[in-house]
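Trainee: Chains as they are written, first to last, in my numbering: chain F, 1 to 119; chain Z, 1 to 119.
By construction, these hints were calculated from the structure, which means they are not laboratory data.
Note that CB positions come from ideal geometry on N, CA and C, so glycine has one too.
Errors might be hidden in some of the hints.
Covered stretches of chain F (in silico footprint by chain Z; criterion: 3 or more residues with CB under 8 Å from a CB of chain Z, positions within the stretch not fixed) [stated by the list, open to error]:
#	segment
1	9 to 19
2	64 to 72
3	81 to 91
4	95 to 104
Far from chain Z, by Cβ distances over 10 Å, these chain F residues were calculated [stated by the list, open to error]:
#	residue
5	Pro5
6	Leu6
7	Thr22
8	Ala38
9	Pro49
10	Met78
11	Gly118
A few chain Z residues facing chain F, derived, Cβ under 7 Å [claimed, not checked]:
#	residue
12	Asp21
13	Leu29
14	Lys68
15	Thr69
16	Leu80
17	Gly81
18	Met83
19	Ala95
20	Glu101
21	Leu104
22	Ile108
23	Asp111
There are 2 protein chains.
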Amino acid sequence: MSDGPLELALLFDFFGDLLTDTQREYFDLYYNDDMSLAEVAELKGVSRPAVLDAVKKAKSAMRRLEDKTGVVKRFTEMRLGLMELQRKVSELAAALPEGAEMRLAQEIANDIEELKNGI
Amino acid sequence: MSDGPLELALLFDFFGDLLTDTQREYFDLYYNDDMSLAEVAELKGVSRPAVLDAVKKAKSAMRRLEDKTGVVKRFTEMRLGLMELQRKVSELAAALPEGAEMRLAQEIANDIEELKNGI
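Chain F extracted, bound-state conformation (with noise of 0.2 Å):
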């Protein structure tokens, strides 16, 4: 997996609670406050360094537990699935006249983007 925004902040959704309270804290900060390594570290009166080693442990703990269990993977993949019966059902809904069938269509379509956006 590569390390984009995007998968970083679900490794952290996913198991940023498995992380020791400083991981979790430095990397909440660097990453998702956008904070910089110097920010944080005078913030937490630290160095920057240990910032830094910090974020890295909290990475490669995450990349770990991902390697292990395949979480993200798997939810990702589920995302993708969604997405292409989102469009199907859509593409279903379109085709219908006005009409019951048609509202049930619709109905679905809001059902799969609840389960999105649950995930």
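With the hints as your guide, set chain Z onto chain F.
Mentor: What follows is chain Z alone, placed relative to chain F:
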């Protein structure tokens, strides 16, 4: 989460590779291969309490991982959501006259089935 066979199977599916080799092996023999503690002990040449201890530790390690990540809960909810989707899509397919729209609805029902089985 309860201690039912499905819950344990899901926990092991997601978190089994994060256990120690011994925990994983004994848990697998006991729960998935339906061996008794005494049978596992005999097979591995260790005492029955040693097997029980490893199985208990495996369970509590996996429960801790679930408490921190909510992975099994999220995927169980996703599965229930997909089952409900499937019910509605089948209802829709049954209400449509023979034709392209009905076939598309059936295709969508099949896609949902695949997505559900791929979790």
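Trainee: Give a verdict on every hint.
Mentor: Results of checking the hints against the structure:
no.	hint	verdict
1	9 to 19	holds (count 4)
2	64 to 72	holds (count 4)
3	81 to 91	holds (count 7)
4	95 to 104	holds (count 5)
5	Pro5	holds (20 Å)
6	Leu6	holds (17 Å)
7	Thr22	holds (16 Å)
8	Ala38	holds (30 Å)
9	Pro49	holds (28 Å)
10	Met78	violated (6 Å)
11	Gly118	violated (7 Å)
12	Asp21	violated (13 Å)
13	Leu29	violated (20 Å)
14	Lys68	holds (4 Å)
15	Thr69	holds (5 Å)
16	Leu80	violated (10 Å)
17	Gly81	holds (4 Å)
18	Met83	violated (11 Å)
19	Ala95	holds (5 Å)
20	Glu101	holds (5 Å)
21	Leu104	holds (5 Å)
22	Ile108	holds (5 Å)
23	Asp111	holds (6 Å)
Taken one by one, the earlier hints fail for this structure at numbers 10, 11, 12, 13, 16, 18, listed in ascending order.
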